[in-house]
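Let's have the full structure, built from the sequences with the hints guiding it.
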Amino acid sequence: MALREPSRIDLLQGTLDLLILRTLLTGPAHGHAIAKHIQRTSEDLLQVETGSLYPALHRLEAKGLIAASWELSDKGKRARYYRLTPAGRKQLAAEQSKWQAFSRAMGLILQEAQ
Amino acid sequence: MTSFFRKLSWWARRRSREAELEEEIRFHLEEETGQRQAEGLPQNEAHQAARRDLGNIGRVQEDTRATWGWTWVERLLQDLRYALRNMRKAPGFTATAAVSLALGIGACTAIFTVVNSVLLRPLPYPEPGRLVRLWETNPKQGFARNVVNPWNFLDWRERTHSFEGVAAFQSGPANLAGQGEPVAVPAMQVSPAFFSILGVAPLIGRTFTADEETPGRERSVVLSYGLWQTRFGGDRAALGKRILLFSAPATIVGVMPATFSWPDSKPELWVPLPLDRDPGGRSGRFLQVVGRMKPGVDVKRADQELKNVAAQLAGQDPDLDKGWSAEVIPMLQDTTHSVRTALLVLLAAVGFLLLIACANVANLFLMRSSDRASEIALREALGAPRLRIFRQFLTESLVVSLLAAAIGVVAGYAGMQAMLALLPESVALPRMGSIGLDGRVLAVAIAASVLTAVLFGLVPMIHSGRLASRSAFRTRARSASNRLRRVFVSVQIALALVLLIGAGLLTRSFARLISVQPGFAIEHELAMGMFPSPIILNPRERSQYFEKILAEIRNVPGVEAASSIHFLPLEENFSGSCFSPPTDPLPPPTAQPGAQFLVVGPGYFTTTGLRIEDGREFTDRDRFGTPSAIIVNRAFVRRYYPGENPIGKKLVVCWTLPNPAVIVGIAGDARQTELGAAPEPTIFVPNLQAPSFFATLVIRTRTEPDQLAQAVVAAIHRVNSNQAVSNVRTLKQVFNDSVGRPRFQVLLMLIFAGVALLLAAIGVYGVVSYSVAQRTPEIGIRVAVGATRGDIARLVLQEGLLLAAIGAGAGLAGALVMNRFLRALLYETAPTDSTVFAAACGLLLVVAAIAIAIPLRRATRVDPIAALRHE
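Protein chains in written order, with our numbering: chain A, 1 to 114; chain B, 1 to 871.
No incorrect hints appear here.
Calculated Cβ distances over 12 Å to all of chain A for the following chain B residues:
1) E45
2) R88
3) P215
4) K241
5) K266
6) V399
7) P587
8) R621
9) I647
10) Q707
11) R741
12) I751
13) V785
In silico EDC-like links for lysine to aspartate or glutamate, alpha-carbon gap of 20 Å or less:
14) A/K63 with B/E18
15) A/K77 with B/E18
16) B/K294 with B/E164
17) B/K307 with B/D155
18) A/K36 with A/E49
19) B/K89 with B/D371
20) A/K63 with B/E62
21) B/K732 with B/E571
22) A/K77 with B/E22
23) A/K36 with A/D74
24) B/K266 with B/E571
25) B/K732 with B/E523
26) A/K77 with B/E23
27) A/K75 with B/E30
28) A/K63 with B/E20
29) A/K36 with B/D53
30) B/K732 with B/E674
31) A/K75 with B/E39
32) A/K63 with A/E95
33) B/K649 with B/D584
34) A/K36 with B/E30
35) A/K77 with B/E20
36) B/K307 with B/E164
37) B/K294 with B/E305
38) B/K732 with B/D706
39) A/K75 with B/E23
40) A/K75 with B/E20
No wet-lab data here; the hints were simulated from the structure. Heads up, the beta-carbon is just placed ideally off N, CA and C, and yes, glycines get one too.
Here's what the structure looks like:
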């Protein structure tokens, strides 16, 4: 493979992927809706960088974790809708438990430090 | 796999994917704009905010495309297109770079092809690493790789345990008759185990059985595939056929496969070597030995064991073995020992050449990258990642170097084949028949070109990395790159000088070698080999046979004189014998002094022009029944009779001669083994008193010698129609062939040094003219404020000559270090020969001056107004 320059989304990658998968668990959505949903449900704590959103969506699609199709939006415009694949569902479950273990561990350590 | 196909299908719909991505992002923007409008912003502000939020759209698209996984192919194609466009735009640059590199890679391919085929490729037998050669040595007298005594061979075979088997063999012509014209074909007498040791089975029939070693049996013959085809039409019925070998019947028992070969000769048939503990075998060393070590035994252990056995033998049989030891040498190394140093020197030379070419190309790329510094800065400012730009440089240099590799490999291979064709067959390199391109050569060529591409592609990258991108817009701070270029050119000059000095030393050595007087005439002399057929065991009858043949030859019109010698000079053959004054008792043979000896016919000295300085030469009166006569050479007198006249003195010579013999004459010194070997003390023995089993006939002709060859052969056939002759050649050919290898090497070194000089000149020219072009405004100002043409010329000269001088200094130092590896190849020439050093330096400086002259002319003609306006 040729050289690949470091991409701006590297730092967010793992978490953003997880957030996207989790969002799609509630049903198919287009990119903008996904971003807004993450923002809303995190009580605006998480601002999704749109610049990283689309590369992440396409990467997940390339991995076969999500699938995309063109559908009409609620306003009647053509939009690209993403939905979870079975593989994506499995991945989400795995990532979720990993993430919970991680945050529990972090929490324990930080509490102890207090 | 599925992911691969998914990618593949995406690749197919790449265009529509692009459009879709654009639409997807447009939709996102519209949604965001709509949402912000809903929050109360006016439409255009909402749109602005949405754009800001998304960031650089091109970048988002680029990052997204990157996840599709095919971008690298696209980018490669893009880079390639870009590289090709750049190359087309600068054809001079491309051509110079490609040709420089092609020369370097071509020379490397040429020499590495030979090195690979001759030195590296394994011998064509199964498990060749276990094959070794066994030799006697005599450390005290300085004999290494000495042929072996039959009794010693038998003892080695019985007492060593390191070997699966050892086999003795002897090479020489065999006279084949009974079917058509009698011919002498190259043949080998071999111990029965010979073939099984090499691990090669016959194509049809069998090889030899152990009991065929016993002397006195009718011989079996194994044919080469070639002889089977030409002489027997490839007919299976040849098996069991009886043929005449030296007029004695022998039975064909097998044929070897076409692929079977022996590394340094082309035997056409094999016969068993008769071997037992015959008392006659107690003296003399003449066998060659090959062995296969048992699995797990290494050469060191086998060598040690053989040395131990040799030491036992020296203790048991001091008359035969006192002072003698033995050695085991890996067969591949043994086969190539005569050419190893020369080939490695040539390989080093082409390595230097490749480095010089690389420096040239690196410099060219460096200049271009300086010229393109603002372009790079601009592209970086527009957001091109640095790595991407680097990769583009690398692609460009790879394209150039692969182009050069393609040209170089083809040209180098063809060139080497043409050069090898110049080598006379008799001095062919060992294993030369197998020289050819193979995967390894191609791999090395490709690796060399990729490596060089990375090297000279990286240099400008690293360098441009150092340039602050913004400063490139404004200033032309290029001093760093100028320094690097100067270093490269100095290194080039240094390497070229090392090569030039090496080539000069070899040339001087070669000139000295061919001006050596061999001591005999080489014009109007014809020679041919003859092994009496049938073999005549009775010495007196043998001498009469030779006499009859010589008499018939002397009657051929155009023949001035004819005689014989057992080993012709300058063909690397000689015999040794011990001798002693006739004391009673005689000292044992190992305690006697040794000398070379040559068995010559009557009139040999007249025939070859070898001078008799005192006394007389052999005549046909020196024959059986008269007192034995010998002639010694000047070197012999110097060593054993300093200040005395030895004529009339008696000597006992170990070689079978009715003893004692009287010294009847003193011959001048002549070169025997090779032109470069100083004359050794030599005893000449008359063929009519101690006839050899074979002879080389030497004929002095009135006209061109090769015109008489047929008439001479016809004369021999008048005496015996079954008598084959071999290897008809003129002494002129013998002389030329004997210097064939050094001539070949000198030729190659001169070519390489010439190319190196040319490349270095291009390097100097490039750097100086580039610097003149860069300094044109400065020169313009200098001229405007009153500098004369002389001042400007001095400025440019200073720069150029300083480079040349630094390079030359480093080169001289390098040559002093490197050229001692040449010592083994030099004849009467010191590796520090000051004439050669001075001449090479002079030549280099002249060439450098010419390379500087062109930009110098340009610099002195700078028009200050035009120069300043340009800025």
